[in-house]
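Chemist: Take a look at the letters that make up each chain.
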Amino acid sequence: MTRIDTLLDNKGTPLDKQVFTWRELAGKPISKLDDDAFTRVRVILMNGVESDALRLKHFGARFHKELQLPLAQIRRAEQHQMTSINWLLSADHSPLETTVAYEQVAIEVTAAVAQNEPDPYQAQTYRFGLLEDFDHLYRYAAMLDRLEGKDANNILQGYTDLVPGRPTSEHHRAPGDDLRDNYEKDNAALITKIHAALITGAEYQTHDYYMNIGPLFADPVARALYAEIASVEEQHVTQYGSLQDPAETFMEKWLVHEAMEVYTYASCAEQEENPRLKALWERYVDYELGHLNLACELFKKYERRDPAEVLAGPLPRMIEFKSQRDFVRETLSREIDLRAHGIDYVPKEREARPSLDYRAQLNSEGVPANVVSAGYTFKPGTEINEVGEQQ
Amino acid sequence: MSEPQVIIGTNRTGVQTSPQDTARQLEATRMFAADVPGDMSNYTAERERAIREADLIGSVPAPATTKGVVKTALDKTIGKAPEVLIDKLGERLAFERTGVRLYEAMVAKATSAPGASPALVDTLRQIQAEELEHMNIVREAIETLGGDPTAMTPCADVAGVKAMGVLQVLTDPRTTVSQSMSAILTIELEDNAAWELLIELAQKGGHPLIAKRFKHALEQEETHLATVRQFIRKDLLEQVS
Chain U
11 MTRIDTLLDN KGTPLDKQVF TWRELAGKPI SKLDDDAFTR VRVILMNGVE
61 SDALRLKHFG ARFHKELQLP LAQIRRAEQH QMTSINWLLS ADHSPLETTV
111 AYEQVAIEVT AAVAQNEPDP YQAQTYRFGL LEDFDHLYRY AAMLDRLEGK
161 DANNILQGYT DLVPGRPTSE HHRAPGDDLR DNYEKDNAAL ITKIHAALIT
211 GAEYQTHDYY MNIGPLFADP VARALYAEIA SVEEQHVTQY GSLQDPAETF
261 MEKWLVHEAM EVYTYASCAE QEENPRLKAL WERYVDYELG HLNLACELFK
311 KYERRDPAEV LAGPLPRMIE FKSQRDFVRE TLSREIDLRA HGIDYVPKER
361 EARPSLDYRA QLNSEGVPAN VVSAGYTFKP GTEINEVGEQ Q
Chain X
326 MSEPQVIIGT NRTGVQTSPQ DTARQLEATR MFAADVPGDM SNYTAERERA
376 IREADLIGSV PAPATTKGVV KTALDKTIGK APEVLIDKLG ERLAFERTGV
426 RLYEAMVAKA TSAPGASPAL VDTLRQIQAE ELEHMNIVRE AIETLGGDPT
476 AMTPCADVAG VKAMGVLQVL TDPRTTVSQS MSAILTIELE DNAAWELLIE
526 LAQKGGHPLI AKRFKHALEQ EETHLATVRQ FIRKDLLEQV S
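Top line first, the protein sequences correspond to chains U and X. Our numbering numbers the first residue of the first sequence as 11 and each following residue consecutively. Our numbering numbers the first residue of the second sequence as 326 and each following residue consecutively.
Next up, chain U with everything else stripped away, as it sits in the complex (with noise of 0.2 Å):
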């Protein structure tokens, strides 16, 4: 099943019917030098999308008694996916290169939410962090290639350009100005609320990613590499959290995020070119519309409304995984020098005292970004390949 009319006529697989085998969960990996770079940002996008929805149902039920076991008991299923999901990556990618492949996923995923997206101010706050996380994908290659002596390319497989976006050095805001407007939850579509708790999803993966590997570094720059980049990645969280309607009750959100993680797996299963994966990403669908049946019998008991009320409306276009290079070079031309300033984006001049202060403290010693790309300029094979240089 790839295509789902509306979500809720769809029943998926019962919680009950949701099991797996400690070997399934640690199966084969994908290999990282014949799978597809989109098959990758699948796999990392998804294990993003659990790792959040364990988040989300964990702080529902610091705040719900009521719903402690059914969430207890969703949460486990989607443990376990995350675990079969995550445990796809093959070891013989280094940190560093996954995290080349984390930027990819940041960059394709968010151009094709920023198209996709209706509401403009929300598309418009997809496409300014967009600008960010292609500028670190940049700063991470030149790392990859200083580091370790290892072309990005190998993992990008040239879907995703390697240049400078809106300087990293740049990104570091006051906190004031990293909130953004929230939808109206009464007036959003559903696939304004779906492309905010998607895309927070993937970037706070991506934040607690670098919070944890990036220790396991010896070299100092790339220590100071992770630091400065998991600190900007902590931003975009705020950011795009704050893209929802904090009016929603946790049901609400509750609701959304399992429509979300319906709407991403049915994207993952409709372009999937490896058939195992394929099949893996088709169970998840009915294992993901289990769980929002599941959702919704609780809504009704709980809040006595109609789910309809914030589900209302057929599943949104898919998910487009292919290059988006055009419309990243088209937002970089035109935004590249947007600024914040608190909800709204401004011309670099506009920019605001306290985010000038706070950058200025920060850099006052250096900045790790810069130091690692300095003068950096991509070329197949590396930058030290001679012959890259006449591609």
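Calculated from the structure, these hints are not laboratory results. This structure is a prediction, so every number in the text was calculated from the model and none was measured. Treat the hints with caution; some may be incorrect.
Computed from the model, here is a short list of chain X residues facing chain U with C-beta under 7 Å [unchecked claim]: (1) 329; (2) 330; (3) 334; (4) 336; (5) 340; (6) 343; (7) 350; (8) 359; (9) 363; (10) 364; (11) 497.
Glycine is no exception: its CB is placed at the ideal position from the N, C-alpha and C atoms.
Position chain X relative to chain U; hints supplied.
Modeler: Chain X in isolation, oriented as in the chain U frame:
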């Protein structure tokens, strides 16, 4: 050879897989040039600054006896800076101990991976037994010198970091016998050089009997290296003939 160890397939990592995309990536580098002046030397300068400011990884533990070193009937001198020898002995012990585990992983590979060679298993088991023997020789030497063989010395710690890549290669179920033996070669090459140095160090430190026992280990390590080299050579030549 029951199944090939190297195959031609859909490797997508190189530019020849997507020449049009590569052309566009290079076009992008012309449209959006590097924005920070400098070069690799900026990176190196930052490393140098950090090195100058860094602490050491750690220290060699103080010997258990108050005099510092137990003077046995066999090795009466303590030598200058005995902590250097203790550190390197700790390294050798850790290396040989990890070596026992690496060979265990290699045995699994030799029985089951593409290029599996059951005949190799007996050889691997013998080498593994000798690595264990070497570990015990080093343990006894550390005890003789009053050191704690269970402590992780700085060089032992660094040896563990170095071995991580080899461990990853050997334990990845997807690697072939040939790839794994190549990882083993890295270990054996270092092992040979390290035993040579250790013997010299023990002699210089005034421990001739320890040095003598180490010579026995070195002779065995030389055989290990020759065996591994010969296997890799034969295996690769068979694949192309």
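Chemist: With reference to the structure, classify each hint as holding or not holding.
Modeler: Hints, one by one, checked against the model:
Given the 7 Å rule on beta carbons, the hint for residue 329 of chain X is violated: about 15 Å separates it from the nearest Cβ of chain U. Among the interface hints, the one on residue 330 of chain X is violated; its C-beta lies about 15 Å from the nearest C-beta in chain U, farther than the 7 Å criterion. With a least beta-carbon distance of about 6 Å to chain U, the hint placing residue 334 of chain X at the interface is held under the 7 Å criterion. Of the supplied interface hints, the one on residue 336 of chain X holds, with its beta-carbon coming within about 5 Å of a beta-carbon of chain U, less than 7 Å.
Because the beta carbon of residue 340 of chain X sits about 5 Å from the nearest beta carbon in chain U, less than 7 Å, this interface hint is met. For residue 343 of chain X, the shortest C-beta to C-beta distance to chain U is roughly 4 Å, which falls under 7 Å, so the interface hint holds. Hint status for residue 350 of chain X: holds, given a least beta-carbon distance of 6 Å to chain U, under 7 Å. Checking residue 359 of chain X against chain U by beta carbon gives a least distance of about 5 Å; that is within 7 Å, so the hint holds.
The beta carbon of residue 363 of chain X comes within 3 Å of a beta carbon in chain U, closer than 7 Å, and the hint placing it at the interface holds. Because the beta carbon of residue 364 of chain X sits about 4 Å from the nearest beta carbon in chain U, less than 7 Å, this interface hint is met. At about 6 Å, the closest approach between the beta carbon of residue 497 of chain X and any beta carbon in chain U falls short of 7 Å, and the interface hint on this residue holds.
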